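Peer 1: Chain by chain, the residues run as shown.
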Amino acid sequence: MHLSRFRILIAAGSLASCYAQVEDGSVQITHSLCSPSTNNCIPGGGLSLSTFKANGNNTFTVPVADVPFLNGSKSLGPATVNTTIALNNATFDMVPQPNADFKGLTQVQLLKAPRASTGPTDDPCAAPVNCPVLAAYNQATDGVADQHIVLKSQVSNLLDSIDQTNHNIIFEVTAKGTAPTPAFWSADFTMDLGLKARAGVP
Amino acid sequence: MLAFDAAAQTAPGTSAPETGTVAPDTGATATAPKKVSKKKKTPRKKSSQKAAKKTSKKKKAAHALPNRDMDAQRRNALESLLPATPAAAPAATPEPAAIPARAGSSESPLPADLEAEKKIIVKPPSEPLAITNVVVEQQGGAPPAITHTPVTQASKGHSIAINARFVGDTGVQAATVMFRHAGEKEYKALAMDNAGGDNYSATVPGQMASSDIEYYLEASDRYGHGPSRSGDASTPYLVRVNAPAIAAAMTQPPTKPPERDTLIGIGFDAGAPGGGGFTLLVRPLWWLRLNGGIAYNYAGFGFRGGLSLAPCWCAVTPTLNLDAGRFLSGDFNKFASVSDPNARALLSHVNYTFATAQLGLEFGSQRWFNFYLRGGLAYFESSFSGADLTALTQGKIASDPSTRYKAGDGKFTSVAPCLSLGFQVFVY
Chain A
14 MHLSRFRILI
24 AAGSLASCYA
34 QVEDGSVQIT
44 HSLCSPSTNN
54 CIPGGGLSLS
64 TFKANGNNTF
74 TVPVADVPFL
84 NGSKSLGPAT
94 VNTTIALNNA
104 TFDMVPQPNA
114 DFKGLTQVQL
124 LKAPRASTGP
134 TDDPCAAPVN
144 CPVLAAYNQA
154 TDGVADQHIV
164 LKSQVSNLLD
174 SIDQTNHNII
184 FEVTAKGTAP
194 TPAFWSADFT
204 MDLGLKARAG
214 VP
Chain B
3 MLAFDAAAQT
13 APGTSAPETG
23 TVAPDTGATA
33 TAPKKVSKKK
43 KTPRKKSSQK
53 AAKKTSKKKK
63 AAHALPNRDM
73 DAQRRNALES
83 LLPATPAAAP
93 AATPEPAAIP
103 ARAGSSESPL
113 PADLEAEKKI
123 IVKPPSEPLA
133 ITNVVVEQQG
143 GAPPAITHTP
153 VTQASKGHSI
163 AINARFVGDT
173 GVQAATVMFR
183 HAGEKEYKAL
193 AMDNAGGDNY
203 SATVPGQMAS
213 SDIEYYLEAS
223 DRYGHGPSRS
233 GDASTPYLVR
243 VNAPAIAAAM
253 TQPPTKPPER
263 DTLIGIGFDA
273 GAPGGGGFTL
283 LVRPLWWLRL
293 NGGIAYNYAG
303 FGFRGGLSLA
313 PCWCAVTPTL
323 NLDAGRFLSG
333 DFNKFASVSD
343 PNARALLSHV
353 NYTFATAQLG
363 LEFGSQRWFN
373 FYLRGGLAYF
383 ESSFSGADLT
393 ALTQGKIASD
403 PSTRYKAGDG
413 KFTSVAPCLS
423 LGFQVFVY
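Chains as they are written, first to last, in the numbering used here: chain A, 14 to 215; chain B, 3 to 430.
The reader is advised that the hints may include incorrect statements.
[Unchecked claim] Here are the computed lysine to aspartate or glutamate pairs in the EDC-like style, where the Cα-Cα straight-line distance is at most 20 angstroms:
hint, chain 1, residue 1, chain 2, residue 2
1, B, Lys398, A, Glu36
2, B, Lys408, A, Asp135
3, B, Lys398, A, Asp176
4, B, Lys413, A, Asp205
5, A, Lys209, B, Asp411
6, B, Lys408, A, Asp201
7, B, Lys408, A, Asp136
8, B, Lys408, A, Asp159
9, B, Lys398, A, Asp205
10, B, Lys413, A, Asp106
11, A, Lys209, B, Glu383
By construction, these hints were calculated from the structure, which means they are not laboratory data.
In this text the structure is predicted, and so the values were computed from the model without any measurement.
The following block holds chain B by itself, in its conformation from the complex (with noise of 0.2 angstroms):
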């Protein structure tokens, strides 16, 4: 630390910043006033020495010199900064060599004003005096390292929240998001804000977030070192900004499945063509369900199961489902009017096999109650007896004695749309 006295004071405007920059004492004083530069340097010593010569040379002038305007306030200040020695004492030191002519003798001297020479000797400064302490520092340390998980999907219209930890010994300035719609060349730069500690934190605005973002993240420390990145300009972090309700499934991990997940439930539904049934559930992970259970389609009874996949615990869940099941066999003359006798026995024991692959979306809760409409495919399968394919034919040619059939299996294959709504409740 240097301290600069009185008379190396800093001129005004040129103290030292607060950032430790260091200022030259040679600087600080070229710029001050003339009149107090010529004094600074002066040793006190031979200022009283040339005030003994000025006292010498201008006694006379003493009595001459128009009495000048010196306020009171000012005549204290130099008498203050006096020594309690008359200046006037040098001038009674004995001359070495021959006596010279003089003008008095120590016996009778000469009388001398010395308030007046005091005005004279010294000029106190045009500015008060200020002692000024410069701190200097040396520059050190390094750009903040920056910890941050990249924001990869928005909603949008929706404001883009990016987080970010700055971490640096030498402090953090000039956090900033540097952030472009994909495609566009120039950067929008977006201070970040410190969010207590070593978090900073930045909000794109949601009119922005109308198509995909890029953005890095920079920072400096305190001392100008860096910028330090996180991703950059050339290779920039995507936020893929979606529209709102896939934006939603994407992006918003499930809302937070309860503490405690139900597990055990039930479900009953209807739907074309596939019947309807009535399910066991199981959920062994929070986004997936099983279900088995029984199945009825008018003509019969059945069998089914499969599983419900549920990415998210919303109020409007979607959801893909994967079921498959077999009837057995069931009497389809129910479901149309045939007079036939032999097609009305192949219609009477007919059995399928179905697998259907839904996507719905689920109303509701998915802890305790939802109801819901899925739609999707279907495909179906059923054989028909060979027997029965032959009677049937057969009868159809009665009155050709001659020409006989005989027909294997057949088989009926099907893929169809398919609709389904139910409802599930969960009570364990």
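Chain A on its own, in the form it takes in the complex (with noise of 0.2 angstroms):
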């Protein structure tokens, strides 16, 4: 091999391999259904459910702040930034009152609404196709829940979920089963976020 074609392949490895990343595995947003979280908004009373009306409404909005490089994959002078935020999970953890529990719930879903919902008649997944299904439960497979209930992840990258204007996702919560006994309940959402963003060059 030519000494000059070995220094360029020694020079085009090393800007290959040059790069600068940044990741936390586990960055959790917890967000309270019902505000302040001390209230009970969402019915229960051991009723048939088909969605998680908080205050409601049949849809929440969780920000996620402007991280960096939330943008996702763009170029910044010769690099190129790419951004992936994995959903590891999400739960809902019962606000703690007497028989509150998830005991009756055979199968939960998260969903990304493309809006919010107006009020309680306002359903902006009712046309399942506009809401892809972020994570979900199901008892026959996860086991019974009891005050604390996970729900599995179902898509890679978050990202595309994310309002690039104002930093926001929009979720809307499905079940099937029965509510919790009491009248009114409430539940902390949490998603746990794995990020992820590098720089390479080129």
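Hints in hand, dock the two standalone chains.
Peer 2: See below:
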């Protein structure tokens, strides 16, 4: 191999291997479905469930904040930045009160809604095609939940679900089974995210 | 040893060679002039008898023959060869049988011209007599044994010296380097000169050192035994001809390390993004240096260590350098103007670990002082406190009290080009 070619390979290999990467394997964003969190705003009473109607709406909004490189793949000088936000899992933690648990729920799905609901009868996810499933719980496979229910991730990158303008995600939760026993109940919703931003050359 | 007598003289130009090749006597005489050949086969005794007959046969003719022009030199030569007994003596021998008719008698012999008879009986050789000693030797021995250390590397455009030792009881003749450029079919011959004793050498000219060269050696003894070879046409030695810089690094053994190596030194360097440092140098082997010391990157201090490989002690020495270290908590707000207090808090105590692999050139003496320039790649790894990240992120959503953040420890990694320059002083 000619020396000049060898030098070019070395130089190219060096540049190709250059990168900078920031990662955080676990960033948890916790959102109270009822605000303030001490309020109970979701109808229960052991009735059949279709959606979690918090504060009378079928959807709720979670701010994700303007984290660096949130815009995904973009050029930054000679470098290209690629960002991924993985949804490790989503959980609901019942705000404690007597007989409040998720034992009656057989299936729960976390959907990404295209817009916020305007009232109890406005369901942006009436047409399922508009609302991809982000995470899901199935009692048959995941076991009976008590006051803590874990929804397994169904997506690899949550980045596309984040509004690039206001950095919010709008969720809707559909469920099957019977609602918790209290007439109204509340829960804290938590997303566990894995964030990685990598700038590579070129 | 055979000694040819005067009659068996060797014909001109057929003398036996110095190499000792046998020259048979019959062969030598066969090429002699005819007259001489006849004479030499005639024993001297017969020659005397014949001379006596001729004397009586030519008594009368002796006077009738015209005088020949014989020079005095030949005459003297003949006189010295003839025995003291007169050639006419046999003629005086009495006849045993009936007395034949005769001219003259014992009482009144006829006069004889002895000098004239001498002229007739012996004719001197046309060429001067020469006695040649021929040494007969038996051919023996074997081709010389060759001891050779193959040349494997050469510098482009520089002559290539090829040395070998040829040892044989029967001498060495035609010691030759057969060489060609790799890929060529034909070999060129290059005679090897005796360099003293059994050592021979040859030099392939620099202009031939334009690409890789293949060669082998061969030699015979003085009797033609052989040739013996080191390498051969089908499996020659290969000389890699490199660009001068590489060849220098590969073939020059280390400029002879000094008689007494310096072992300990100090070094100063500065670079980006690694910062600078002050290190203690230790050289356990002449080609290996270890270093360790403190590092400073403007944000804070750290420590580091590493090793350098210097394959030669040249005026310009290439090196391979591997280092690693860790910078302790440093304030990176010096490098960035950040107004967010949470971000400033995050940057106020950054620590990171690094490792670098660099190639360098060192100029100067490896023994005492040199300065260098290095370049390569650096790997950085830094961690960020989860509490700091939580505060940073939470601060961005302070307007929504229903949402809380909790971040685990973050990690920053990077591979980036790095450069450094510095100098080293060996003091002991």
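Peer 1: Taking the numbered hints from earlier one at a time, note which ones the structure violates and give those numbers from smallest to largest.
Peer 2: Of the numbered hints given earlier, those the structure breaks are 2, 7, 8, 10, listed in rising order.
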